[in-house]
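Line by line, the protein sequences are chains C and A.
When you number the first sequence by our numbering, it's gap-free, plus one each residue, and the end is 285.
When you number the second sequence by our numbering, it's gap-free, plus one each residue, and the end is 325.
Keep in mind the hints are simulated off the structure, nothing from the lab.
One thing to keep in mind: the hints can contain errors.
Footprint (simulated), chain A over chain C, 3 or more residues, beta carbon under 8 Å [claimed, not checked]:
hint : stretch
1    : 60-74
2    : 122-131
3    : 259-271
These stretches of chain C come out as covered by chain A in the derived footprint (C-beta under 8 Å, 3 or more residues) [claimed, not checked]:
hint : stretch
4    : 37-49
5    : 135-145
6    : 154-163
7    : 186-192
8    : 211-217
Note that the structure is a prediction, hence the values are computed from the model and not measured.
Virtual Cβ for every residue (Gly too), placed ideally from N, Cα, C.
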Amino acid sequence: MTTTRRVGNTVVGVLLVLVFLAPVYWMINVSLQSSDALLRTPPAWFPFDPTWSGYAEALRTQGSHLATSLVIALGTVVFTLLVSAPAAYALARFRLRGTLALVLVVLLVQMVPGIVMANSLYPIFSGVGLLDSYPGMILADSTLTVPFAVLILRTFMSGVPGELIEAARVDGCGQWRTFGSVVLPVCRNAVITAGLFSFLFAWADFLFAVSFTTGNTIQPITVGIYRFVGNQTTNWNGVMATAVLASIPAAVLLLTAQRYVAAGITGGGVKE
Amino acid sequence: MTTNTRTTSGTSRPRHANRKPGGHGERLVQWTFVLPMMLFLLLFFCYPVLRNLTMSFQEWTVASFYEGGSPFVGLDNYIALVTDPIFGRAVLNTALFTTGSLLFQFVIGLGLAVFFQRRFPLSGTLRGLMLLPWLLPLVVSGAVFRWIYDEGFGVLNQLLLGLHLISDPIPWLSSTQYALTSAIIANIWVGVPFNLVILHSGLQAVPASLYEAAALDGAGPWQRFRMITLPLLRPVIAIVLMLGLIYTLKVFDMIMILTGGGPANASETLTTWSFALSFEEFDFGQGAAVGNLLIVIALVFALLYLRSIRNTFSSQGERG
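With these hints in hand, go ahead and build the complete structure from the sequences.
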């Protein structure tokens, strides 16, 4: 291929990205303009007179919701990894009876619509006092992340060289010791991938958040945005500033771990 | 986790005699790895799904929470649903939303995947940037589209007015005529990256030599696409469409934040309807019944999906 054609492809590629990411551009653009400027038509194509007032308001009214989501998402990551990493190792390595069936079950449970989980977990949570609570949200969000993490970690863990595990066993390590001091360190990248995605899923969850946080005691950021949009009349810069802040985990993931993202989509292949 | 590791390996240490692979004690230790996940699946999938099934045969309202009464009503919930005028609307909308989203996500995703198959500077980076819509929380994307579609100040109407394509602003989200289409367009945007990534990785597996041979035989780009790319990509296409279908069926966030299923149920799907029945009208029995309908539909396609990946799946199982 000639150089001009390659450069031509780059130009087309850049244009495609610009068009495709236009909504993201408008989110940032609107977040930086004053509410007055936004009521003019046509809207300014560029924030010539940028203001941080939208962000100030976002932090003032939504800051606590961001913190709530952070706690829930981190809790979900810890719980998910504790449950799914050993299970994934067992499903990848041990020849236990019924493991193949178990993998099938893990695949299938991902197909259960979230609304069914919300509907049936609500009375259960109501009965045991898990509504409007961090543990409740963490457990509910883990129904999204545990199957995903098990599948993605299992794929990685079946690729660990058998000699490594054998060597640890010969040295007298028990199963759990081998897992903790040999398998996990070797699979560090996979664990990070599963953790990042679990964080992102829990951070982005809206259905469980809106169903299980009926009071005002805890309110994740997704519910915060939902109510903000519902109440707002002219306050688009505050809404968009909140949207930008809520996008930070996704942006960080894309910038720092881009190669894991593709692995996550193709490996686990799941998003709500 | 550390303490857990210590105690378990500690207790298994004295059983040196059983350490041979497949030994009885060894087996028990191996099961401790799977046990937490099995408990979680039982408590947080099996039990809720069964609970949902029984709830659909009960009259389950606010009173059930306070007084505990939830009388068995047989098929009443299901009968009430199918005789509800919203039922037909929701089924049709679900079908339209799913096929509309899938079709365009797939076509655009495939076009982009084919384009990014070319080698040029920044190709990988640009393709990576395209993933952003998929990673953003759906509520965030929904909020952005709420503004884009805004009748007075949104950029879409301003753009169309500026180009003289329309003479009056279109009420994208507040008219029964456009609400569903608007939600579908936003959802297409979210789903394109998923199609792009999976189809792109599928394309990587097509041997370049085939294209070279075809080019030597005088096949043009379109012929190469039709005779080589499409047939070899068929298994990947099946997976993308099947998974896309299963996920699109249960889309909730996007519709909820854009239209809430309205106006006048114009964008109500089975998922948003189920939510409305349970969490807005507090009729959890009917909400559960709609949910079960969704499970049945999802299960049919899930089984088709499992069939289509059976081959890759069993080879992985052997490796493990």
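Cross-check of the supplied hints:
no.	hint	verdict
1	60-74	violated (count 0)
2	122-131	holds (count 9)
3	259-271	holds (count 7)
4	37-49	holds (count 4)
5	135-145	holds (count 4)
6	154-163	holds (count 4)
7	186-192	holds (count 6)
8	211-217	holds (count 3)
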